[in-house]
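S.K.: The lines below spell out each chain.
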Amino acid sequence: AQSVTQPDIHITVSEGASLELRCNYSYGATPYLFWYVQSPGQGLQLLLKYFSGDTLVQGIKGFEAEFKRSQSSFNLRKPSVHWSDAAEYFCAVGVVPGTYKYIFGTGTRLKVLA
Amino acid sequence: DVKVTQSSRYLVKRTGEKVFLECVQDMDHENMFWYRQDPGLGLRLIYFSYDVKMKEKGDIPEGYSVSREKKERFSLILESASTNQTSMYLCASSLVLSGNTIYFGEGSWLTVV
Numbered sequence: 001a002q003s004v005t006q007p008d009i010h011i012t013v014s015e016g017a018s019l020e021l022r023c024n025y026s027y028g029a030t031p032y033l034f035w036y037v038q039s040p041g042q043g044l045q046l047l048l049k050y051f052s053g054d055t056l057v058q059g060i061k062g063f064e065a066e067f068k069r070s071q072s073s074f075n076l077r078k079p080s081v082h083w084s085d086a087a088e089y090f091c092a093v094g095v096v097p098g099t100y101k102y103i104f105g106t107g108t109r110l111k112v113l114a
Numbered sequence: 001d002v003k004v005t006q007s008s009r010y011l012v013k014r015t016g017e018k019v020f021l022e023c024v025q026d027m028d029h030e031n032m033f034w035y036r037q038d039p040g041l042g043l044r045l046i047y048f049s050y051d052v053k054m055k056e057k058g059d060i061p062e063g064y065s066v067s068r069e070k071k072e073r074f075s076l077i078l079e080s081a082s083t084n085q086t087s088m089y090l091c092a093s094s095l096v097l098s099g100n101t102i103y104f105g106e107g108s109w110l111t112v113v
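Taken in order, these protein sequences are the chains called A and B. Here the first sequence is numbered in our numbering, starting from 1 and rising by one per residue. Here the second sequence is numbered in our numbering, starting from 1 and rising by one per residue.
Just chain A, with the same shape it has in the complex:
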């Protein structure tokens, strides 16, 4: 069965430090991959997405993610975290045509220390 795993429930980093949020998926083919961010009390905003091509994807707010087929991973990175990046981050997989299903991870909550 398809699944998405975000192994870190909480991550705390200092402002200015680098960040990597992990995402692993289980799916038989190359999926469509997404990262979303959710600020407190708000809906989810798309950070970036991967469909095909270059495996390093650039997104908004200085984020990037790298698709690694051999590791079934799509980790999110940012070289220097800002206090405003404190939020919850969700990785998601779009199942290949045939269904309309998207599978979301359980999220990673990021805390940024001043």
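Keep in mind the hints are simulated off the structure, nothing from the lab. Please note that a few of the clues may not be correct.
SDA-like, lysine to any residue: derived pairs with alpha carbons at most 25 angstroms apart [said to hold, decoys possible]:
#1 K101(A) <-> S87(B)
#2 K101(A) <-> M88(B)
#3 K101(A) <-> K70(B)
#4 K111(A) <-> E106(B)
#5 K101(A) <-> P61(B)
#6 K3(B) <-> Q45(A)
Note that the structure is predicted; figures quoted are calculated from it, not measured.
On the provided structure of chain A, position chain B as indicated by the hints.
M.R.: Leaving out everything else, chain B in the frame of chain A:
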């Protein structure tokens, strides 16, 4: 920009009440979704609709129904609200192919007392 609007951001309802959560999107998207979000459980799909009057059950449809009479509007109905339905409800929409981006509304916080 795509706009998904959930008309009620915060609701408090009594057990047994019928509850309507309304969602409107302005980008002519075919797909619309209702998710429920709970701490530690992430987003769980309640129902989705791929066309007017068409719907399919998601992972947790029990206790919920939906209505899509117009393309831009997708309503979630709790026939008889219960306390275990206290949660954040997120509406979303997308174009027809599953690889397309989902756009989310800001969410509706429902408390059932």
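S.K.: Mind checking the alpha carbons of K101(A) and K70(B) for me, to see if they're no more than 25 angstroms apart?
M.R.: holds (22 angstroms)
S.K.: For K111(A) and E106(B), compute the direct alpha-carbon distance and say whether it is at most 25 angstroms.
M.R.: holds (21 angstroms)
S.K.: Can you confirm whether the C-alpha distance between K101(A) and P61(B) stays at or below 25 angstroms?
M.R.: Measuring from Cα to Cα gives roughly 15 angstroms; hence the hint holds.
S.K.: Is K3(B) within 25 angstroms of Q45(A), Cα to Cα?
M.R.: With a Cα-Cα distance of about 12 angstroms, the restraint between K3(B) and Q45(A) holds, given a limit of 25 angstroms.
S.K.: Does M88(B) lie within 25 angstroms of K101(A) when you go C-alpha to C-alpha?
M.R.: Holds - the C-alpha atoms of M88(B) and K101(A) are around 20 angstroms apart, at most 25 angstroms.
S.K.: Is K101(A) close enough to S87(B), meaning Cα to Cα at most 25 angstroms?
M.R.: It holds: about 21 angstroms lies between the C-alpha atoms, which stays within 25 angstroms.
Hint check: no violations occur; every hint is consistent with the structure.
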